[in-house]
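My request is simple: use the sequences and hints to build the entire structure.
Protein chains in written order, with my numbering: chain P, 3 to 278; chain W, 2 to 493; chain B, 350 to 430; chain C, -13 to 484; chain S, 1153 to 1285.
Hints listed in this document are in silico derivations from the structure and should not be mistaken for laboratory results. Please note: incorrect hints may appear among the correct ones.
Unchecked claim - For lysine-lysine, the following DSSO-like pairs were computed, each having C-alpha atoms within a straight-line distance of at most 27 Å:
1. W/Lys59 with W/Lys198
2. S/Lys1285 with C/Lys353
3. C/Lys345 with C/Lys86
4. C/Lys141 with C/Lys86
5. C/Lys14 with C/Lys345
6. S/Lys1184 with C/Lys141
7. S/Lys1184 with B/Lys429
8. B/Lys429 with S/Lys1285
9. W/Lys167 with C/Lys291
10. C/Lys141 with C/Lys14
11. S/Lys1184 with S/Lys1279
12. S/Lys1279 with C/Lys141
13. C/Lys141 with S/Lys1285
14. W/Lys59 with W/Lys9
15. W/Lys362 with W/Lys372
16. C/Lys287 with S/Lys1279
17. S/Lys1278 with C/Lys141
18. S/Lys1278 with C/Lys291
19. S/Lys1285 with S/Lys1184
20. S/Lys1279 with B/Lys429
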Amino acid sequence: MRILGLVIVILCGSILIYHTSDFPDWGHPASPASTHVSPYYIEKALDDTAVPNIVTAVLADYRGYDTMFETTVIFCAGIACFFLLRITRRMEPSVTLYRHLPTGITLRIEKGGKEPDDSNIFKRIDTQWVPYDLIINTTCRMVIPFIQLFALYVISHGHHSPGGGFQGGVILGASVILFAISTDLRTAISRMSERLGAFLSATGVFIYAGAGALCLVLGANFLDYSALAPVLNVNSVMARSHGILIVEIGVGLAVMAVMIWIYYNLSSAGRHDEGL
Amino acid sequence: METILSIKPLLAILVSVTAVPFIVFSKRPNIREVWTFIAAIAKFLIVVSMIPVILSGKEIIFTLVDIFSGVSIGFRVDSLGLLFAIVSSFLWIITSAYSIGYMRGLNEHSQTRYFSFFALSLSATMGVAFSSNLFTLYLFYEMLSFSTYPLVTHHQDMEARRSGRKYLLYIVGLSIGFVLPCMLVIYNMTGTLEFTKSGFLSMDVSPALIAALLVIMLFGFAKAAIMPFHSWLPAAMVAPTPVSALLHAVAVVKVGVFCVIRVITGVFGVELLSNSHLNIIVCVIASFTIITASCIALSQDGLKRRLAFSTIGQLSYIVLGAALLSPRGFVGGILHIAMHAFGKITLFFCAGAIFVATGIKNISQMDGIGKRMPITMAAFFIGSLSVIGLPPCGGFISKWHLVLGTLDAGQLALLAVILVSSLLNAAYFFPIVYSAFFNQSKETRVSNRIDEAPIWCLIPICITAIGSIVLFFHPEPFLSLAQMAAESIFIK
Amino acid sequence: MSWQLDLIVLTMVVICGIAAINIRDLLGAGILFGAYSFMMCLLWAVMGAVDVAFTEASVGAGVSTVLFVAAVFRTTRRTKD
Amino acid sequence: MSEHFPALVIIVPLISAFLISATGWLNKRLCFPIAVFSLTVSLFASIGVLMMVLENGTVQYRLGGWAPPWGIEYRIDHLNSLVLVVISAVAVLNIVTTHKPVQQDFSGKEGPFYALYVLFVTGLSGIVVTGDAFNLYVLLEIASLTGYALIGLGKDRAALSSLNYLIMGTIGASFYLLGIGYIYLVTGSLNIADIANLLPDIYDSGVVLFAFIFCMIGLFIKMAFFPLHAWLPNAYSYAQSSAVSLIAPLTTKVMIYVMIRVTLYLFTPQFSFVFLNISKPMVWLSVLAIVMGSLFALSQKSLKKMLTYIIVAEVGYMVGGLWLGNRQGITGSILHIVNDAAMTLCLFLAAGNILYMLKSDSFEDMKGLFVKMPFTMAAFTAGALSIIGVPPFCGFFSKWYLISGGIAAGEFGFVGALIFSSLVNVVLFFRVIEIGYYEPFTNHPNAHQKDEETLFNEAPRDMLVPLLMAAILLLALGIFTGHIVTAIIQFAIPTGII
Amino acid sequence: MNEILTTIISKYNYWGFILLMMIGLYAMMVKKNLVKKIIGMNIFQTGIILFYVSIGVKKGATIPIISHGHGKEKHVIHAAEYINPLPHVLMLTAIVVSVATLGVALALAIKVYREYDTLEEDEINKKIRDQAK
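Set out below in structure tokens:
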């Protein structure tokens, strides 16, 4: 099997490599890809949408329909992971560990044992015991706000610089994931519940599709943001720019929520009690 | 030819289908049987009401839907189809009466299913009789195959299961494997499937292709039980006797030969076949089947099996009559559909009656049974006379025309075939009658006391037996219809 | 940008890729896949596809790696090939 | 409003999917009505689109108001409007049946289930309406991802076979993406109509050839064309029946649609049939698919497994029909998309009902089913007859066109394979029907007139009615074949093909 | 010799994507471990993304962000000055799709592990066979 696979792969690869001779030269400015459709974007994007970052303009406006479904794909992945993994009925773990905060001593309680009730002194920790690390905790706590600030910047500044809703959303999600890793899953869930994640993801995509549908209600085609001009009280080019911002925010929300949601489900295998 | 647009053929088909829900949902058996009778009589009346129109030289047409160009579900009533429809719809009434006697006499299970599918099969038979094109013919042919399956396998035991498999394998397998491709080839060559008086296959097709199509179609309609694709028929005799009687002596097998006749006359056309002498192939195949089946019948001990092989032989008479391509032979062939139906159904009814009354299935056990069941055995005698082709029974008239047809066609060998096979027929029927009346019973079961089958069984037997005789003296409706059919085909 | 730099990064990508599928430890494979993604991100940045590079950095090198680690943590590190 | 019908077909279910997902957390009982409502709206919108297409010809809809090839457009002609109606109709018919089994199979996850269900339908509809090659890929991934999830939450081996499906499906989609990339490399466009205009100058380029090969390999994997079918049988047979009765009728059929779109409208018939000259080997491959699919089906011991292999054979029908390269063959292929969707729906719904009532679908447990579930089995028989190809059920007519096309093209191997598979189907289905018809009575042939009432155990009404409607649909589709062909399908084939 | 070198220089980026695709394909075909397969799948996808990005490259052009958009003086924009943005857009979508697929694939892998307690395909098949017996 190994040899056979290797032979097939090498054979296919060499045929493909041989046929690259038909390709246009790498980076040639006159190749069809660079001359047929794309010049229009480069030359008109700023005038049409008032967005200097052409990628953002194309992503969220010219091919905004694609991007809507790109966001939907992420949403699908979130639901799919939940659908596949989540175990809703509560299973009591056979062993729970508690840390006595003042002393740092760990309590091991077998199933059926009495649970400590004073939650200010005792804190439940993961069974795969991780030593309490002050440095990591503090560093993360300090870094996370800045990560989130940066993420917001990436989302809102996507018109002018690389980035946009998707990247910003991932970073925002990553900050929560970092929080979950540095403390534990239960703390993260108590800060941002699963239900909130689900709502936010649906809301995010809904903002995108809803913005498009709003255009449709206002009489233009689906996703034609210029129809938003009377609502936003700007001219139609700026309306497109604002429309892009709106959908980027939607994308950011959805992506953030889904990333967190997937992480919750994967890291706890759907149980949502003990994570990474 | 004048044509009349009328919904009657569709009504004749739908009558029994619409009866099915009533049959299924009727609470008591008596009401169920009433529905069957209402449907059967209504169907017969509708069919009969078409006779004057047809006899006055007109045709009734009705197109239900045009599926696409050249392919439609359409009906046309001509003399040939009407003849077949009269026979089968009349015999349905008789068989229904007989079924009641038989099924109740034996306390059979699932009688509701039995009567429902019986009604369905009759619809399909009417559809075949009235179809105006090859596609409709094929449609109802398949419908008949599937709706008779539950009837054939009514007993639901291992034997029924085996026969059911064989039945489907032959009938459906050959129709899909043989008829369907032929139909498509024909459609692709001509762009139509509508039957015409002189056939719609043009002369410029290569003879080899025509020969291939002809033979494949002949075997494809496996319900005609032409050898070597006949063995489903004896196997299907496991069914309750009324089923065997109606379906395997009347509806199913006759549908098979009816299809063959339709294809020979309506698709290939007399002219094309006689010019290319391809009818000889069919004649040879049919003759082979006649002789072989008769010989096999001689060696059978089960009464129903013997009757089955007799049927195989008799069916080929009809095919032979059509393939002779002489007007009188054609008349003989078509008449034989009716005459053989009456004769053979009598025989099957008798077999069933014997089984109901005594439980006997084999010929060797029937010594002296005539003393116990004199009416039944007398009817049996009349039926066998008709099948053999002796006066004063209807079978004589059709055989007579067949013989004349062979003379017209100048095929003396075929004449010999018919005569020899008639002798063979006599050889396998008369011993039964003889031993029934003149041999002493060896079985204790058969007492000398007269002890007939239930009255519901007996009356149908008498009706069909008398019918066989009446048809000898008054063959008019059938004879004139057959002659009209022959005229319309052979007049240039 | 010189093609030599391009080539070096490309080579690194390929090496990381091969290593990721051949290492006999799934956690290692996940981490190597992160490295692979990061190299890929460099390559794209070199090619001028800044947005794609940014996305790959956040998704491929970031979230994907976390997901791999999470999945490996919930299953097993063991692999036979 | 009517000019926005094309958009409504997609966005109504899309937006409702988000609503369903959100309401799933608040009140589970609301999910089902929302899903039914949105799919019904989508069905009406798609019928509206079909009417528009029948009246005015091709409908174009510019998303975002940008002209193609710069923006994305819907380009709806007779071909996709027909397939669109099929998708919406199957989705609506099927969703009604899912109400009860979902509570049993996916208890607590009704919200996600219906969200995924609706998204799956959205993805497929989107694939069908879009006029942009790359957009097609994105929607393909939506349909696939939701499909993996719906399949993955099944019984015993479901997760494994779903993972297998995922890996194969991703390879397939990636190959398609690669093919589109190759096309983009040499044309610089992603709009299907635009590419078709640009391609004739560069037919002889090796890149176009490879683009074609990649697209085809990708689609063949996705549609489970033999020998790339290995993912399908396990994936479909271990999935829960409420999910599979949606996925099985639609996925392969939509992929066939994409193949027809790609060969006839992206690469023109001139390229696919004349320039490449590979019709013969492709037809023979499909012959192989038909024969092997039928033979594999013959060796199965459970109902759903058998049906999945029949799907493999049916895919062979449609691929072969397309590659016959003549009008009749392609008509047959398109007609079979419609008919096979209906037939598969009918059969899988019947299997679902059986599974719901019996908790098993192995042949051994189906004894005496005709008495227990007469209506389900009647519909099953109708589906079986249609697959076998008995008139007037619809399966007969698409087979008719396919065989006619085979005869016209002189491909008698293909004709033979079709007939062979019909015969095998007779054996397959009558084996099932025989078991359902006989078994409990073998030992006591005469004494069960009473038992029939006590044994009667039919599926609930909301599962039965759609099934019976599907069975009637088979009949209606068969009878109106001529209308479908003359009104719709004949315009769906490029005029160059005779 | 020089000619070959220029060919290589002008095409080697394309070879890179083929190499990556083949690595991915090899992993998916040969590796028995499910997570390894998933990694192979991702490498395969990134290979294709690399191909698309390579299409977009334009020699002598800069990143596709119009410089005077940041309040600088307006001037006529020439298409040759900026890299083709379209493949980038497409590949943003493709990356998202690949991470979505990765998420679902890992979820399925966890589910498989839950059921069979192993990720090796041959061991799983053996278990299935044993169960059947």
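Hints and how they fare:
Distance check on the hinted pair: W/Lys59 and W/Lys198 sit about 14 Å apart at the alpha-carbon level, within 27 Å; holds. Distance check on the hinted pair: S/Lys1285 and C/Lys353 sit about 24 Å apart at the alpha-carbon level, within 27 Å; holds. Restraint check for C/Lys345 and C/Lys86: satisfied, since their Cα atoms lie roughly 14 Å apart, inside the 27 Å limit. Only pairs whose Cα atoms come within 27 Å are accepted, and C/Lys141 paired with C/Lys86 is accepted, the gap being roughly 17 Å.
Distance restraint check for C/Lys14 and C/Lys345: the Cα-Cα separation of roughly 25 Å lies within the 27 Å cut-off, and the hinted pair is therefore satisfied. Taking the CA atoms of S/Lys1184 and C/Lys141, the gap is about 23 Å. The hint holds against a cut of 27 Å. Restraint check for S/Lys1184 and B/Lys429: the C-alpha separation of about 8 Å stays at or below 27 Å, so the hint holds. Taking the CA atoms of B/Lys429 and S/Lys1285, the gap is about 26 Å. The hint holds against a cut of 27 Å.
For the given pair, W/Lys167 sits about 26 Å from C/Lys291 by alpha-carbon distance, which is consistent with the 27 Å threshold. Taken as a hint, the C/Lys141 and C/Lys14 pair is honoured in the structure, with Cα atoms around 23 Å apart against an allowance of 27 Å. Simply put, S/Lys1184 and S/Lys1279 have alpha-carbon atoms about 15 Å apart, close enough for the 27 Å limit, and the pair holds. Restraint check for S/Lys1279 and C/Lys141: satisfied, since their Cα atoms lie roughly 16 Å apart, inside the 27 Å limit.
This hinted pair checks out: C/Lys141 and S/Lys1285 have alpha carbons roughly 18 Å apart, not beyond 27 Å. For the hint pairing W/Lys59 with W/Lys9, the CA-to-CA distance comes to about 14 Å; that is within 27 Å, so the pair holds. Taken as a hint, the W/Lys362 and W/Lys372 pair is honoured in the structure, with Cα atoms around 17 Å apart against an allowance of 27 Å. Annotation: proposed proximity of C/Lys287 to S/Lys1279 holds, straight-line Cα distance about 21 Å (limit 27 Å).
Distance hint between S/Lys1278 and C/Lys141 is fulfilled; the C-alpha atoms sit about 18 Å from each other, no more than 27 Å. Under the criterion of a C-alpha separation no larger than 27 Å, the hint pairing S/Lys1278 with C/Lys291 is consistent with the structure, at around 21 Å. This hinted pair checks out: S/Lys1285 and S/Lys1184 have alpha carbons roughly 23 Å apart, not beyond 27 Å. About 17 Å separates the Cα atoms of S/Lys1279 and B/Lys429, which keeps this hinted pair within 27 Å; it holds.
Checked against the numbered hints listed earlier, the structure breaks none of them; every hint is satisfied.
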